[in-house]
Amino acid sequence: MRAPARLAFVAAGLVFLTACSTHGSPYMFDPKGPEAHRITSVWWLMFTLAAVVYVVVAGFIFVAAFRGRRSETGKPSRITDNGFIVVGGIAVPFVILMVLAWATVDATNHVRRPEKNPLKIEVVGKRWWWSVEYPDQHFTTANEVHVPVGRPIELGLDAADVIHSFWVPQIGGKVDLIPGQHNVWRFKVDEPGTYRGQCAEYCGVQHAHMAFLVVAESPAAFDTWALRRENPPSGPTGQLEATGQMVFMRSPCAGCHTIRGTAATGTIGPDLTDVGSRKMLGAATVPNDEGHLAGWILDAQTIKPGALMPPISIEPRDLQALLAYLRSLK
Amino acid sequence: MAIADIAPLGVDEHELEEIWSDAPGIPGFFSTVDHKRIGMRYIYTAFFFFFVSGLMALVMRSQLSAPDNHVVSPYTFNQMFTMHGTTMIFLFNTPVLAGFANYLLPIELGTRDMAFPRLNAFSYWIFVLSGIFLYASFVVGKMPDGGWFGYTPYTSKVYNPGINLDFWGLGIVFVGISTTVGAVNFIVTSFKLRAPGMTINRIPIFVWAVLSMAFMILFAVPAVTLATALLELDRLFGTAFFVPHLGGSTLLYQHLFWFWGHPEVYILFVPATGMVSMIITVFSRRPLAGYIWVATALIAIAFISFGVWVHHMFATGMPIQAMSFFSAVSLIIAIPSGVQFFAWIATMWRGKVEFTTPMLFAMGFLLIFLLGGITGVMVAVLPFDWQVTDSYFVVAHFHYVLNGAVVFPIFGAIYFWYPKMVGRKLSERWGHISFWMMFIGFNVAFFPMHILGFLGMPRRVYTYPSGLGWDHLNLISAIGAVIFAVGTGITLVNWVHGRWWGPKAEDNPWDADSLEWSTTSPPPEYNFAAIPVVASRHPLWEQHPLPHAEALVDEEGPKSLSAEGALHHQNTETTGLDARPERALELPHPTYLPFVLALGLAVFFVGLLVKATIVGAFGVGMALVGLTWWAWRTDVDLS
Ligand SMILES: [Cu+2]
Chain A
1 MRAPARLAFV AAGLVFLTAC STHGSPYMFD PKGPEAHRIT SVWWLMFTLA AVVYVVVAGF
61 IFVAAFRGRR SETGKPSRIT DNGFIVVGGI AVPFVILMVL AWATVDATNH VRRPEKNPLK
121 IEVVGKRWWW SVEYPDQHFT TANEVHVPVG RPIELGLDAA DVIHSFWVPQ IGGKVDLIPG
181 QHNVWRFKVD EPGTYRGQCA EYCGVQHAHM AFLVVAESPA AFDTWALRRE NPPSGPTGQL
241 EATGQMVFMR SPCAGCHTIR GTAATGTIGP DLTDVGSRKM LGAATVPNDE GHLAGWILDA
301 QTIKPGALMP PISIEPRDLQ ALLAYLRSLK
Chain B
331 MAIADIAPLG VDEHELEEIW SDAPGIPGFF STVDHKRIGM RYIYTAFFFF FVSGLMALVM
391 RSQLSAPDNH VVSPYTFNQM FTMHGTTMIF LFNTPVLAGF ANYLLPIELG TRDMAFPRLN
451 AFSYWIFVLS GIFLYASFVV GKMPDGGWFG YTPYTSKVYN PGINLDFWGL GIVFVGISTT
511 VGAVNFIVTS FKLRAPGMTI NRIPIFVWAV LSMAFMILFA VPAVTLATAL LELDRLFGTA
571 FFVPHLGGST LLYQHLFWFW GHPEVYILFV PATGMVSMII TVFSRRPLAG YIWVATALIA
631 IAFISFGVWV HHMFATGMPI QAMSFFSAVS LIIAIPSGVQ FFAWIATMWR GKVEFTTPML
691 FAMGFLLIFL LGGITGVMVA VLPFDWQVTD SYFVVAHFHY VLNGAVVFPI FGAIYFWYPK
751 MVGRKLSERW GHISFWMMFI GFNVAFFPMH ILGFLGMPRR VYTYPSGLGW DHLNLISAIG
811 AVIFAVGTGI TLVNWVHGRW WGPKAEDNPW DADSLEWSTT SPPPEYNFAA IPVVASRHPL
871 WEQHPLPHAE ALVDEEGPKS LSAEGALHHQ NTETTGLDAR PERALELPHP TYLPFVLALG
931 LAVFFVGLLV KATIVGAFGV GMALVGLTWW AWRTDVDLS
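Here the protein sequences line up with chains A and B, keeping their order. Mapping to the working numbering: the first sequence position 149 is 149, numbers consecutive. Mapping to the working numbering: the second sequence position 140 is 470, numbers consecutive.
Treat each hint with caution, since some may be false.
What the hints assert, rightly or not - Anything over 12 Å on all C-beta distances counts as not near chain A; from chain B, calculated:
id, residue
1, A627
2, K682
3, R910
What the hints assert, rightly or not - Listed next, with one range per pair, are the computed distances between beta-carbon atoms:
id, chain 1, residue 1, chain 2, residue 2, range
4, B, S392, A, G261, 32 to 42 Å
5, B, T943, A, L298, 19 to 29 Å
6, B, H575, A, E115, 31 to 41 Å
Claimed, not checked - Below, in silico cross-link-like pairs of lysine to any residue (SDA-like), each with a Cα-Cα straight-line distance of 20 Å or less:
id, chain 1, residue 1, chain 2, residue 2
7, B, K487, A, G204
8, B, K682, A, T80
9, B, K941, B, G492
10, B, K682, A, I79
11, B, K682, A, K120
12, B, K755, B, F685
13, B, K682, A, E72
14, B, K682, A, T73
15, A, K279, B, P795
16, A, K120, A, G204
17, B, K682, A, V63
18, B, K487, A, G180
19, A, K75, B, W871
20, B, K941, B, K682
Bear in mind the hints are in silico, worked out from the structure with no lab data behind them. If you're wondering where the values come from, they're calculated on a predicted model, not measured in any experiment. Every residue, glycine too, gets a C-beta built ideally from N, C-alpha and C.
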């Protein structure tokens, strides 16, 4: 028949498109942690049930629509009206819903549980970036959450201004960051890698550019990373960088940004102590290379209109020094 | 089948006309209380907003059709999705259904007007004025941008200092008045003004659906009114209901909003299913299967819909036990919908289906709602919802439900009732074309959004980077949106064309079963000279000829049932369960009062908006005068 063939064609096209799309995408059914794994199994169970239900019920609709067409007044049938309603409308749905209720309980019982010896991380959502603090290691970074693979994580979530929502599709579901309320998300990551996350609660003009990266590393690599941030280098690495530091301190930068070990202690913008090591800038909006960094400093507004960092004019020579300094902060 | 004529009455139609008709021109326009004129007006106005809001959707889809696109600025985009949602819910879907209910209830129940005709006019004026109020923000270039849900603290004065959000907050409070008084009118009309013999188990299913809707409105709308009113108190007068660091709670706002917000989905969906039941019955050429089941399901939905609101808040960090309850109830609510669904299938199964345009829309509805319902069950599953909430999956889901399962029935209803309302027929051919474009465009536009959600695309983003796998699907979606828009445009043209050039419609062009088809197309101002007497669920199919109530009057019934009652401008009250005639009711004559009262309230809201006490006081004064006058003049006219 033509219609099913066409349907199959469309379905195949969609599957193909999805398959191409998932590459490099924060695809929730490409799970990298136990929570996302559980939810993925729930999804495939639901998908199977849904596909069967859709095909069967749609089949009933088509047969119902066409079977009586040639008769005078409608075609008699052995299935009574009440039979349809009681079986199709109540009994079968009830059984399916029971299965789903079981799946819900089973999945929720196995995720987000307190575990021993968790790594504590405090995330604060701000318009439109993420402050990431490691309270036990006493340092703060931004827009990048590093975690050791396999270790339970206890992520505290707070909002500094409006509601945001923390979402890394490959690791698990969302948890909102709500002013005046401390939320906790407990999760684990199974596989090393960099996973994109994004704010999922509308929070204003740059809600679209409030992303972040979760970087999962081997415990050893994580420890090195954390240790480096616990004890940041004491001063600029060279002449140019030293000039850059002076430029930074002279400019308005220091009023909004913190660089630990210096006089810059502002908290309006992200902590820049390790900005040179970050993969992206502006809450995972543009890559962290020299060109984008310069563009960001001179005019963050073209990259992220409405962001809370004003355009800043800096002499070209000063800018060179400043860039060198910031890029040396690793 | 023959049309069930009402026997000739021996009253002069000209005389009736004179008693019932509105003044011509502008005075009549502002003073009418005729439910049919008001109903049509509701529908026209709502569709105006539908097309405006649809244009905004097209702009948004084109902005998202490619990564890092610059069709509109982020500011404009955020205003557009706010106004798109607000308009569709408050200024299109809710009022267009109220419009159909207004138009159809009296003629479907066999009476001469609504229970409170002036209240009816009032609710329409409030609706228009609140629409103008909300869109005035566009004229002054300060459209609200807090999302249609307006979550605090983003919508608080601190983070949203402009007047933009006051348009929204006050506008929502304002339009809520219209919805609420409308609901009261529907309830009283359906219980007290049915034709004699239309016992409770003979009420047309559409009326059951409207009743269910009206009860939900009565209990749900106060919550959103409260939410937005408290928000405005915070904004305008510095209270702190939702300000966390002063002891307020942002979650309180969410609870209030969704306590209305979820029933609202059913407030829209339930009357749409009522329309589908009517259409499927007529074009399957047999009575609806499981009438009692369906009526019960409609009522059950109204109850259960109040126990699911928290599933909009599964990510807010509530205790799992609390959420599990709402998860379970959200699953359960699928059952009444399943009952309705299989009642429709059963009706067609043992009927003879005729593929007219209304029926096509009903079938399209079935196929779309089936998917929207299934994804609805999915999002009730707590852990799955953690992943998909606030993602494009949810955008897909609720467009399948609110666009597919509400707008499709509404379009079907237009094709179905247009001949009755306008007295002319629409082109079936263009109706078919419109349907297929809408159906295909709809699925092309919204199906890919499910996958976008899986790929991690959140809602309400004005742009996205390339390389995340979102590009093609968004482009496909934009193409679908255009096809869908053209499809709706064709119906609009068909509609305008039919109004002037369509062939004249007979009284019962579809050979339908319910009472509205027994009167002329369009019906006279008084609907029925003599009120019909009902002895069946499908009077026009089973009662030939349809008797009128003159005989009842001879026995013990009030004179208002007969044409004499029409001459006296009267309606008849009947008992709630078995519709025995009780007494005559005077119907009010045309009056400016509803307009004056509504205008007074509008002035009051403008006063609040611009913080001008004098203006506000003037508005209150005007409204008070209107109210007092209203209470005084009962319009008893026993001449
Ligand atoms: Cu955010």
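Verification of the hints:
The claim that A627 of chain B lies off the interface is violated: its Cβ sits roughly 8 Å from the closest Cβ of chain A, which falls inside the 12 Å cut-off. With a least beta-carbon separation of about 4 Å from chain A, K682 of chain B fails to lie farther than 12 Å from that chain, contradicting its non-interface assignment. At roughly 30 Å, the least C-beta separation between R910 of chain B and chain A is larger than 12 Å, which holds for a residue marked as non-interface. In this structure the hint that S392 of chain B and G261 of chain A lie 32 to 42 Å apart at CB is violated, the actual value being about 49 Å.
Hint check: T943 of chain B to L298 of chain A, Cβ distance near 48 Å, so the stated range 19 to 29 Å is violated. At about 33 Å, the beta-carbon gap between H575 of chain B and E115 of chain A stays in the expected band of 31 to 41 Å. Distance hint between K487 of chain B and G204 of chain A is fulfilled; the C-alpha atoms sit about 13 Å from each other, no more than 20 Å. Between K682 of chain B and T80 of chain A, the direct Cα distance comes to roughly 16 Å. Compliance with the 20 Å bound is thereby established for this hinted pair.
Only pairs whose Cα atoms come within 20 Å are accepted, and K941 of chain B paired with G492 of chain B is accepted, the gap being roughly 13 Å. Only pairs whose Cα atoms come within 20 Å are accepted, and K682 of chain B paired with I79 of chain A is accepted, the gap being roughly 16 Å. Among the hinted pairs, K682 of chain B with K120 of chain A is inconsistent with the structure: their alpha-carbon atoms are about 66 Å apart, more than 20 Å. Under the criterion of a C-alpha separation no larger than 20 Å, the hint pairing K755 of chain B with F685 of chain B is consistent with the structure, at around 16 Å.
Restraint check for K682 of chain B and E72 of chain A: satisfied, since their Cα atoms lie roughly 8 Å apart, inside the 20 Å limit. Taken as a hint, the K682 of chain B and T73 of chain A pair is honoured in the structure, with Cα atoms around 6 Å apart against an allowance of 20 Å. For the proposed pair K279 of chain A and P795 of chain B, the alpha carbon gap of about 15 Å is at most 20 Å, so the pair holds. With a CA separation close to 29 Å, the supplied pair K120 of chain A and G204 of chain A exceeds the 20 Å bound.
The hinted pair formed by K682 of chain B and V63 of chain A meets the criterion: a straight-line CA distance of about 12 Å does not exceed 20 Å. Between K487 of chain B and G180 of chain A the CA atoms are separated by roughly 17 Å; this keeps the pair inside 20 Å, and the hint holds. The suggested pairing of K75 of chain A with W871 of chain B holds, with an alpha-carbon distance near 18 Å, which does not exceed 20 Å. About 62 Å separates the Cα atoms of K941 of chain B and K682 of chain B, which puts this hinted pair outside 20 Å; it is violated.
In terms of the numbered hints stated before, the structure departs from hints 1, 2, 4, 5, 11, 16 and 20, listed from lowest to highest.
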